[in-house]
Amino acid sequence: MNAADRFEEYLRHLASGLGHADRHEGLRGYCTGLMLPLARKSVEPTAARVDPVHASARHQSLHHFVAKAEWSDEQMLRRVCQWVVPKMDFSEGGWWIIDDTGFPKGAVRVS
1 MNAADRFEEY
11 LRHLASGLGH
21 ADRHEGLRGY
31 CTGLMLPLAR
41 KSVEPTAARV
51 DPVHASARHQ
61 SLHHFVAKAE
71 WSDEQMLRRV
81 CQWVVPKMDF
91 SEGGWWIIDD
101 TGFPKGAVRV
111 S
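The sequence shown begins at 1 in UniProt numbering and counts up one residue at a time.
Treat the hints with care, as some may be off.
What the hints assert, rightly or not - Per label pair, the in silico range of CB-to-CB distance:
no. : residue 1 : residue 2 : range
1   : Q60       : D5        : 43 to 53 Å
2   : S91       : P45       : 35 to 45 Å
3   : R49       : F90       : 27 to 37 Å
4   : K41       : E74       : 27 to 37 Å
5   : M35       : H64       : 12 to 22 Å
6   : Q60       : K87       : 13 to 23 Å
7   : V53       : G94       : 40 to 50 Å
8   : V66       : S16       : 18 to 28 Å
9   : S56       : V85       : 13 to 23 Å
10  : E92       : D22       : 19 to 29 Å
11  : M1        : H63       : 25 to 35 Å
12  : W95       : C31       : 17 to 27 Å
13  : E9        : L77       : 12 to 22 Å
The hints are simulated quantities; they were obtained by calculation from the structure and are not laboratory data.
Every residue gets a Cβ at the ideal spot worked out from N, C-alpha and C, and that includes glycine.
When you get a sec, could you build the whole thing from the sequences and use the hints?
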């Protein structure tokens, strides 16, 4: 299985936790954008790169997926863990470092 096939399999695994099937394309566009060599990983440059012909419409749909669609971040993180943890091999030691700077902080102010 090549990298593109593994990526598709991973997206299918994540998408099963999104609820509505209409969110799957948003997930695909967002994850594809994260994999691209972009200087800025925000919605606008991602949309322009993922779908240059329909950049405005893609921007709107990606923004909706990221900012407004009602899917559970807890469920997504659970799906990521279900995928990643079984593939980790700590038989010779190792570390799993999680960078929490990408996790939403909510209304709590962090100094």
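Taking the hints in turn, this is what the structure says about them:
no.	hint	in the structure
1	Q60 - D5: 43 to 53 Å	violated (30 Å)
2	S91 - P45: 35 to 45 Å	holds (40 Å)
3	R49 - F90: 27 to 37 Å	holds (36 Å)
4	K41 - E74: 27 to 37 Å	violated (22 Å)
5	M35 - H64: 12 to 22 Å	holds (21 Å)
6	Q60 - K87: 13 to 23 Å	violated (35 Å)
7	V53 - G94: 40 to 50 Å	holds (44 Å)
8	V66 - S16: 18 to 28 Å	holds (19 Å)
9	S56 - V85: 13 to 23 Å	violated (39 Å)
10	E92 - D22: 19 to 29 Å	violated (44 Å)
11	M1 - H63: 25 to 35 Å	holds (32 Å)
12	W95 - C31: 17 to 27 Å	holds (24 Å)
13	E9 - L77: 12 to 22 Å	holds (19 Å)
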